[in-house]
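Using the hints, position chains R and G against chain F.
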Amino acid sequence: MHSPLRSSILCAVLIVLSCSFAAGQAAPRQPGEIAWAIHYDPKTFDPAKVDEQASELVRYLTGGVLLRLNRQTQQPEPQLAQSFRISPEGTLIVFKLRAGLRFSDGAALTSADVAWSLRRVLDPATHAVVAEEFLSPAAVAIETPDALTVRVHLPTRIIGVEKIFDEIAIEPANRPSEGRVTSGPFTVADYKRGQYVRLSRNRNYWRHDAAGVQLPYATGVRLDILNNREQEISLFLRGEYDLIDTLPAEYFGIVAQKSSSAVHDLGASLNTEQMWFNQSPAAPLPEFEKAWFRNRSFRVAVSEAIHRADLARIAYNGHATPAFGFISPANAQWHSSSLKIPPESIADANRMLTAAGFHRSGNQLYDATGHAVKFSILTNAGNPARQKMAAMIQQDLAQIGMQVTIVALDFPALIERLMHKQDYDVCLLGVSNAEPDPSSMMNMWLSSSPNHQWNPSQKTPATEWEAEIDRQMQLQASSATQRIRKQAVNRVQQIVADQQPFVYLVYPNVLQAVSPQLRGVQSSILSPGPAWNIDSIRREQDRPRRGAL
Amino acid sequence: MKRRIALVALLLLIAGAALALRWSPVDYAAQDRDATMAPSSAQHWTGTDELGRDRTVRVAAALLIGLAGATAAAALTTAIAGCFGVAAAFSPAWAAAVLMFLSDVFLSLPWLFLLMMARSLLPLTASPLETAVATFVVLAALGWPACARVLYRGALSLRTAEWMIQGHACGLRTRQLVRMHLLPHLRSLLLPQFLVCVPAFIVAEANLGALGLGVGEPLPSWGSMLLELDNSALLARSHWVYLPIALLVIVLLTLESFSAEGETHA
Amino acid sequence: MSWPVTIAMRAGRTLLLILCAAAGTILLVRFAPGFFSDPREMDAKYAQAAQEEIDAENGQHRSVNQIAMQEAKDFLGGGFGTSRQYRVPVAELIGARIPLSALLLARGILGGWLLAICAALPVSSLRRGGLFWGLPFTILLAIPTAAMATACILSETGGPVLVLALLIAARDFKFLRSMLEGAWRSPHLLQGRAQGLRPRALVRLHILPNVLPQLCALTTLSIVTALGALVPIEVIFTVPGVGQLAWSAVMNRDLPVLVAVSLLMACVVGCAGMLSMRAPTLEAA
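Chains as they are written, first to last, in my numbering: chain F, 1 to 549; chain R, 550 to 815; chain G, 816 to 1100.
Bound-form chain F, shown alone (with noise of 0.2 angstroms):
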């Protein structure tokens, strides 16, 4: 070989091995400590204002509550509260704190601490959004008529107030820390931007095991902020991570085939995948395109065209479940299992369409007027199987002479779309439920509330069916009967499958993957998922120990 090329090529291996230096290595690992991956920066730690997820998972794993749900159960169990109990009214909680409860500072908590920090959820300075639960912040009052007592008067019964206080964390009064003074299970240690989220272990905690040793087993929490999920799979299965919440669909078969025991399928969650109409009169659209997407026909035919097995089998990989109402069948309490749904037919989605005045010429479907179906479906960029999903449904809706073009915006773009110009004709987003309780789903259903996707921000309804919504919704949040608020949620679910403003698609599956050394993990597919009962968990080789530290 060429004497100058050899060298040549020596060198270059040399500067090659010279810039190598391993990829993706996670923060090292403190003895006891749990580790995970979370996708962005949580923008603040402060309990009352947090307004996104990573906060609000840090205000989770670190802030003492006075009851917190059980997300295995969905029942309320008391925490820093000993005990509560609400009036018959509705209008009036009492809790009664634990005798002995301690910050992580070693300060005492007491009724003042919890009185304190009630109030500065409900001040309209704080900007908290929890408050906005309440209904009536401002006509809250709270009384501490000793210690270990706090009275909580609400202006009126709020239904499901319980789970209000499992987003409340305690701090020290007049002393807010953002998270660095809790009465949680850890509190928040170091905090660099851009890489991690150090927590460690309150050594004042109130909880211990039913061994008497104090919880929580771990030494700390550790959230590595990671964006790219190649690099959080490969750290889960080289051991540096312990768990993925909402592992990706595509992702599960491979993680499973190297651990079969690490991945876990709960089935579907409360999220909903679907497709609406713009049926905004501001829309900048012409008329007969609005009259297409307020023609009922039209809607439903769309729906008995798509084809949701496919979609659950080939844009998730088999993980997720055809969905056609609101109510994820994981919501057992609420999901009607009567509904009447749209059938899955061509032939059927064909006559209804010409029932409606439409007509084919050759691939093409034209409505009475003679202009040809042709419109848009605009989602998000970066979801690979929305953005499958929009291709086969693109696919499904050609067999009934629909021709659709797919657009994928980033989301800023997309809100600016969907939210501020209505300049859209179809999209396809998720709807992420944190909640079972349909109180929650208020601001999507009410036709008043900026977020009524396809026709928002109404003075009055359009229709007649979006008023008895209406009026159904708001019957189900005021009335304290279960019985009432599921029959009213139920007509809601069948007025939404007569009509379709929402054509639902799939629920995504919950998939986690949780390390076998990791004890106590009871999966849920409420958030935080696998560790929403942070404070029992420990690695194998991490024995718990006797007594405080």
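Hints listed in this document are in silico derivations from the structure and should not be mistaken for laboratory results. Incorrect hints may appear among the rest.
Derived DEER-like restraints, expressed as beta-carbon distance ranges [unchecked claim]:
| # | chain 1 | residue 1 | chain 2 | residue 2 | range |
| --- | --- | --- | --- | --- | --- |
| 1 | G | Ala917 | R | Gln725 | 26 to 32 angstroms |
| 2 | R | Ala636 | G | Ala917 | 30 to 36 angstroms |
| 3 | F | Gln517 | G | Lys888 | 50 to 56 angstroms |
| 4 | G | Ser878 | R | Ala558 | 54 to 60 angstroms |
| 5 | R | Leu670 | F | Thr246 | 32 to 38 angstroms |
| 6 | G | Gln881 | F | Glu468 | 57 to 63 angstroms |
| 7 | F | Gln517 | G | Ile954 | 53 to 59 angstroms |
We put the beta carbon where it would ideally sit given N, CA and C, even for glycine.
Coordinates of chains R and G only, in the frame set by chain F:
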């Protein structure tokens, strides 16, 4: 001889893709949903993709679209960079400074937002081919500044070459000198710029899918197929995901061979 | 021209570049779709509570003049304003990230350059087989950055420096090889070889000085290429550098951060441009 072989190879590749499209019993958009990520078979020579679409037909279509778009855009951006560099080299010093300043400003700005604006100007129902054309035009319009300075320096150093002076002395005008003498000497800079831009634009087209640009469904996108290589789940399921990159390497080699001046004789 | 005048002119040029970059960024970001959007609007749980905050913030950003005045005030105040997404001073955000990105860039460019030169010098002198020996770089050109990064992650070797170096090397090799091939063909090179000069001496005494102006310009191109590649590399490898911050700022329309990043980019591009301007223009023999 090498050029002839390269040209024949390129033409064979294009002809093969065109024939595959023409003769295939399946359409590039047809989804065989019972045979997703299927291995090669008599029906699907290179298997199917995640939606059960025939990979051979889609790769063929993607090759034709990507090759046409990316080579045209690369040629255009190279031409713009060349014009800019040569114009600056033959301008007075102050004008050259202004032109280079403009190219620096161009490099400093976040043009991603211009791409977003371009997408918002296109109607949502624009056909996939229209958005593909718009994408490649925008890429061509934005890809030139990086190389303009290199071409400027190259042209500047050749401006005072003996044969340029001789050409002036013989009465040739600047335009003639540039066309007949300077540009051939700048080939050593223009060709790499062109070759580097072709794969860059193919992949950029796929990345611009995040902004609503790029080649839309159901048209196949060569760039998107290349980006499948970053998905370990797909790599584990089929080896045919490497086909697009193999074809791209062949295309680049043929373009390089076709455009090269021949072997160096020392 | 005297040194002080040269320095003053170049400083002035850089300042003007910075001003143009800032103005251009404000215009582009302000009028791009999604500037007034907030992801919280789509979450029914947070939308209502966030609406007041969004309206108040957007009221301040309606007019381009208002934005420009605010940015100028923030710049002169030294903090570059407050990040919309992180709610911390931009200077604090960027200051922590610059060293990391600078180190990554320096190592990547140096590695890429060395690789390209090591390969281009001998390959350009070959009588035949140049295409074959250049094949690895052709393959590298064809591989998307994301795929290279995934390969590193899956094989647990390599990292952002390697990917950046390979990217730069692939591009620079093509240019270098072309330049050097042209240089090898020069008549005085033939004379030199006929007289028995060794290849090393030929390269040192004749080839490198000949292509020096273009090499300096190529340096500018390498730096610009590396800056462009910094964003995907830092995002994929989750390197907490300026590139990752810039991408996050683009996705969240974080104008103060984007203006600061553009200013930084303008400085680097300006300096890189001046590097190529400094190289003497040699007359061909």
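Here is what the structure says about each hint:
{"no.": "1", "hint": "Ala917(G) - Gln725(R): 26 to 32 angstroms", "result": "violated (47 angstroms)"}
{"no.": "2", "hint": "Ala636(R) - Ala917(G): 30 to 36 angstroms", "result": "holds (34 angstroms)"}
{"no.": "3", "hint": "Gln517(F) - Lys888(G): 50 to 56 angstroms", "result": "holds (54 angstroms)"}
{"no.": "4", "hint": "Ser878(G) - Ala558(R): 54 to 60 angstroms", "result": "holds (58 angstroms)"}
{"no.": "5", "hint": "Leu670(R) - Thr246(F): 32 to 38 angstroms", "result": "holds (36 angstroms)"}
{"no.": "6", "hint": "Gln881(G) - Glu468(F): 57 to 63 angstroms", "result": "violated (46 angstroms)"}
{"no.": "7", "hint": "Gln517(F) - Ile954(G): 53 to 59 angstroms", "result": "violated (40 angstroms)"}
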